[in-house]
Amino acid sequence: MALPKRIIKETERLVAEPVPGISAVPHEDNLRYFDVRIHGPASSPYEGGIFKLELFLPEDYPMTPPKIRFLTKIYHPNIDKLGRICLDVLKSNWSPALQIRTILLSIQALLGAPNPDDPLANDVAQHWKENVTAAIETAKEWTHKYATDTAT
Amino acid sequence: MDDPSVDELLMGDPSSSVLSDRLLSDQEALTESRSYTRLMDADLRARLQLRRPTSSRTISNKSTENGFSVWDIRNLEYATEVDDNLMCPICHSPFVSPAALKCQHIFCRQCLSEALSHQQDNKTCPTCRRPTSSNSMVALPKVICRMLEELRVKCPLAFRGCNEIIPRGNVQTHLDRYCGYEEVLCPSEDCDQYLPRRLAGKECLHEPLPCPDCGEEVSLLNLNNHRMGSCKVAEIICTDCSSSVPKSMYEDHITSCMETVLKCTASKYGCDFTAKRSVMQEHIESCALVKLAPTIALQNDRLGEHARALKHLQQKNAVHEAFLDTVKDTLATIASADLATSSLPSDSAAPFDSPLSHLLSLHEALREEVSRVSAAVSDLDAKTDTAFLNSSLRAKEEAAHRDAVLAQLRVQLQWLVSSRLQGIHAARAGAGALGISDTRRNSNDAESSSARPLPSTRRGSDGLGNGGREKL
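Going down the list, the protein sequences come from chains A and B.
Residue numbers for the first sequence, in the UniProt record's numbering: 1 to 152.
Residue numbers for the second sequence, in the UniProt record's numbering: 1 to 472.
These are calculated hints, taken from the structure and not from any lab test.
Even glycine gets a Cβ: it sits at the ideal position worked out from N, Cα and C.
Careful, some of the hints might be misleading.
Claimed, not checked - Distance condition first, Cα-Cα at most 30 Å in a straight line; then the derived DSSO-like pairs of lysine-lysine:
id, chain 1, residue 1, chain 2, residue 2
1, A, Lys81, A, Lys9
2, B, Lys123, A, Lys5
3, B, Lys328, A, Lys9
To be verified - Chain A stretches covered by chain B per the calculated footprint, using a threshold of three residues with CB under 8 Å from any CB of chain B:
id, region
4, 2–11
5, 62–69
6, 84–97
To be verified - Some but not every residue of chain B turned toward chain A, in silico, with C-beta under 8 Å:
id, residue
7, Asn75
8, Leu86
9, Pro89
10, Cys91
11, His92
12, Ser93
13, Pro94
14, Ser97
15, Ala115
16, His118
One chain only, chain A, in its complex shape (with noise of 0.2 Å):
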């Protein structure tokens, strides 16, 4: 099928105007197929570090939203440990006037703004909930240790 005007849209503006700290390339065998790379927002646990996500956008885009998940370890109470994300605007609350930048914004947001009250990793959010300072520690080490450049 041929690829609609919309994400042809959405994929120049992409590259033609980025969003600061967040990157989004097309993969060139399949244009649906998105590698994201988006930097942990400053003051932030994960400060210094650069996630990578994958973004696909399904056959009824923008009618469905799109499917991301990380693909670097990340210790986040509303992120589980396959790198799934918990996040409204990613379900339920999908309106086909969102976009690709708003999503990632929002995710980018979402790494700002941890909620332990809604968890997907329940282990973390209890961690996060118990002692707080414990558990940003361990959310910087584990940034330090997996999303930076010295990470393999």
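Given chain A's structure and the hints, the job is docking chain B onto it.
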């Protein structure tokens, strides 16, 4: 306007005016088409999104190759940048028959219905999420729709070569009436095939005619393609000697045509002589550069080789230089560290200007060395202590275990002995009553045999216990 009655008949409706244009352009098909017009009017109105003019004849037009073009207003390419405010937030293209919700957010009607159909029970505006319903869509004022229809777009047949730029609302008119690249019915009444409008004249171009060269039957429309491609006999006129050459021989001809102007074979070495092939042979025999050419080529190769070797060496050199830099850096840091340790706070600028300060610095260094060594010794001490503690702990545990086993054995033994003694007492009491001396002796024997191993076991276990204690 050749036929005002038709125009009047269909006026006031954009889709039918499109049709009327088509009819005017095709006078011959007019009478036939008129009956279809009324049928299709309703059809076209329903297809405002995807205007697809179906053929008024019986021929199917599934493809753009045969019959009228199928085009989608959503896939039009806009010739100018369109204001962002006129873009549908869903399809990111200029609005197509826009519709507004109560919250005044506007979308293409089709985008909006599709988006709402994907939502479950509580329909909300895709932009602001305010509650809404599918039947609360309102069409936009006509003036805005007209402005949208005036946006300039490229002809949908641009891929066939049409360069027209037209208002969006006139695309169908353009295709139906003017576009030279749109396929139209063959003017001949006997022919039901199509051809591009710009080629349509009075006569049919589809009738098979024998090719003037090979005699194969080809339509006039394809004759040119045939002569350039599949025809084996057609002659090609050589651009150099202007003689016509059969196509099959042309390849050979251009490599041997005497009239072709050639450059000297040594042109890349500086000979700028050009002449026709007939004269070239003469020149080659006398040209000094041609004779030198093999030598020059050889030299060039060598030069290339040297350049490659040089590049390789340069790379190597760069690596070595980088290494040298790091070595220098480390040396510099070591030297500065030395400087820091050996210099005294009073005269940091000249560390060695008096033997006393030198001695003092030496003393300081030695003291540091000693403290480092003592720290190492204490560290080692702690390590051996813990190691010793670990091993002794294991031995202690073993001894405790053995003690426990011993205690258990003792209890078992006591129990055995006591039961035995009870048995003997009972036997004695029985013997006393009966007065049988034999039984007493036997029981005495039994007592001694059972009692004898007791001390030895005790001794053994004591020994073991002592051994265990000694180990501790």
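(request) Under 8 Å, Cβ to Cβ, is where B/Ser97 needs to be relative to chain A, so tell me if that hint holds or is violated. (result) Violated, because the Cβ-Cβ distance from B/Ser97 to chain A comes to roughly 17 Å (cut-off 8 Å).
(message) Just to be careful, I want the Cα atoms of B/Lys328 and A/Lys9 compared with a cutoff of 30 Å; is the pair within it?
(response) violated (53 Å)
(request) Go through the hint on B/Leu86 and say holds or violated, using the shortest Cβ distance to chain A against 8 Å. (result) violated (14 Å)
(message) Under 8 Å is the threshold here; is the Cβ of B/Pro94 close enough to any Cβ of chain A for the hint to stand?
(response) It is violated, given that the least Cβ distance between B/Pro94 and chain A is near 11 Å, above 8 Å.
(message) Does B/Cys91 hold up as a contact with chain A if the rule is Cβ-Cβ below 8 Å?
(response) holds (5 Å)
(message) Please check whether the region 2–11 of chain A has three or more residues whose CB lies within less than 8 Å of a CB on chain B.
(response) Coverage by chain B holds for the region 2–11 of chain A (5 residues, Cβ < 8 Å).
(request) Using 8 Å as the Cβ threshold, decide whether B/Pro89 counts as touching chain A. (result) B/Pro89 check passes; min Cβ-Cβ to chain A is 4 Å, inside 8 Å.
(message) Hint B/Asn75 vs chain A: min CB-CB distance below 8 Å?
(response) holds (7 Å)
(message) For a C-alpha distance cap of 30 Å, please report whether A/Lys81 and A/Lys9 respect it.
(response) violated (33 Å)
(message) Interface hint check: B/His118, Cβ to nearest Cβ on chain A, cutoff 8 Å. Holds or violated?
(response) holds (5 Å)
(request) Hold the hint about B/Ser93 up to the distance rule: shortest CB distance to chain A must be less than 8 Å. (result) holds (6 Å)
(request) Tell me if chain B covers the region 62–69 of chain A under the three-residue, 8 Å CB rule, please? (result) holds (count 3)
Hints 1, 3, 8, 13 and 14, counting from the list given before, are not met by this structure.
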